[in-house]
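Start from the sequences, fold in the hints, and give me the full structure.
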Amino acid sequence: MVDSRAHSYWKANIKLVLSLLCVWFLISFGCGILFVDALDNIRFGGFKLGFWIAQQGSILVFIALIFIYIRAMDKLDEKYNQESSGESNQQTEGDSL
Amino acid sequence: MSVQAWTYVFVVLSFSLYIGIAIWSRAGSTKEFYVAGGGVHPIANGMATAADWMSAASFIGMAGLISFLGRDGTFYLMGWTGGYVLLALLLAPYLRKFGKFTVPDFIGDRYYSQTARLVAVFCAIVISFIYVCGQMQGAGIVFSRFLEVDVTTGVIIGMAIVFFYAVLGGMKGITYTQVAQYCVLIFAFMVPAIFISLMMTGQAIPQIGFGSELLDGSGYLLDRLDGLSQELGFATYTEGQRSTQDVFFITAALMFGTAGLPHVIIRFFTVPNVRDARRSAGYAIIFIAILYTTAPTVAAFARTNLINSVSNVEYSAVPEWFSKWESTNLIRFNDKNNDGKIQYLGDAEKNELTVSADIMVMANPEIAGLPNWVVALVTAGALAAALSTAAGLLLVISTSVAHDMLKRTFMPSITEKQELLYARLSIFVAVLIAGYVGMNPPAYVAQVVAFAFGLAAASFFPAIVLGIFQKKMNKEGAITGMAAGFIFTASYIIYFKLINPAANTADNWLFGISPEGIGTLGTMINLFFAYTVSRFTPEAPAEVQELVENIRLPGEA
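Line by line, the protein sequences give chains A and B.
Counting in the working numbering, the first sequence runs from 53 upward without gaps.
Counting in the working numbering, the second sequence runs from 1488 upward without gaps.
In case anyone wonders, no lab produced these hints; they're calculated from the structure.
One or more of the hints may lead you astray.
Unchecked claim - Listing some non-contacts, in silico: residues in chain B with all C-beta distances to chain A over 12 Å:
no., residue
1, G1769
2, I1981
3, P1988
Claimed, not checked - Quick look at which bits of chain B chain A covers, simulated, 3 or more residues with Cβ under 8 Å:
no., region
4, 1729-1740
5, 1778-1787
6, 2020-2034
The beta carbon of each residue, even a glycine, is placed where N, CA and C say it ideally should be.
The following block contains the structure:
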């Protein structure tokens, strides 16, 4: 059953990467470039929101995205590794996957 | 102490540190020389990546460019940080799992072809070489201005230092000097920024000062800057001037390029495993973001300061820094209406002052009247930024020649010792050529540096991503794609920048995309050709597909 474990690991990975990249695109190209003028109508402190996202906020979101990815992948790896070791220990009882 | 004395102190101290590290971290094997033995801690690699990445352009040039571009300058900020998301999510972990030494290594093995390997070697050398000449030139200019030696001497000193630690230590020496260089450059960038933010807004954190009210009671910084710009007839700072599609394409080209630059990618080969590769991408973006979120604040502070301190001021009463930079021709004053005052205006007919974007970071501490040691610190920082990037690039050139061209292609029978010797020799030759170009800069070097990104975006980025995420992608597709993307992007840039610069206006651009942003279209062309050609040619062989399956899974290579 190695193949199906590998398959579901890869599928989970793709799903994670795609959803993070959606946020990446929406914040940088969406809020920072395409809708920046509309967002500029909202103000906080001395900033226009669109301008702030373009020059500051987007970078903070990039950091957050990478760290979410690191944590999620650690979990995914751990699950995969546990399943692999579980599989080799319980071969006689059959595979739960 | 004078600025110059302080400058000598900082430069000599920081250079001795780099040399000390170089002696301590000599490389004994090709693995140490190419990937620092593969045992670099992710935090150290994050810092080294940040220093590798942040060049003379990021340190000296970027804040100044943003100063004059206003909101349009955003493409540098988002482009040069957003690429790390792509790098972390799409490339770094898989390339680390693949576990070889260079980018052409991956391309050659994944696409089971020596042709693919050589195309990759060619792209890597061209991209890195364009980039390294700019660094040498940057280091030369900094030396000549602050240590008052001529540019040639400046370049020679820079070459000697880089040569010393790159040849001795290879990737190992480069990694640990880059860690030190990161510390020097970030300190040198932050200290003046914090000082200026405190002086102008009373906020110690520049990112907060950016959105705060000015202490002189003229309202919020950005509103004041918008107001001043409008009064003098400049474009409103927080509004965009370039077309949306051009900003979009430039940002994308810089992002894809960042993710495809070989000197950044190879940094991820130096950590022990896949997990650490992901982690070090995370640390790298934090270390980079410290500078990249501060740069736009410096841009706004410096611009406001500049306008306040020169607009409508008697020319005879200008501050000392003004005359000093005037002598370098980076500030020029031409009293068109003969009233003895400086009119700094958006209207080109009446404007009497031209200020080069390059001096905004370098002169900023002087404009703000900061202590001499802060002014001197900026010099050490700029040199650290230029040298760390130059070293990373030289290593790419050296590994491409010694490892990919000689060992893997033309002379597979050489021993490890010989390979190491060739690697050192090729760094030596590369340093000499880069130094020569730095001393005799063709006018276009500085302009062309930014285009290294477009070329990386159009060649490596799609080839690597397809290699990982499309296991059936074959060599025919990848090679055609890389060649098409590279040739298209290079021709567009060469046409508008070298052959016919007069035509370089929005009306003549393809779809309104400037040469800076054309790499994005190059990426699409690469993908289009790769897909189309691969549909009509046999899919990748089974053992290559197995290799791809393997790099997708966790665990050791």
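Tested hints:
no. : hint      : result
1   : G1769     : violated (5 Å)
2   : I1981     : holds (27 Å)
3   : P1988     : holds (27 Å)
4   : 1729-1740 : holds (count 5)
5   : 1778-1787 : holds (count 3)
6   : 2020-2034 : violated (count 0)
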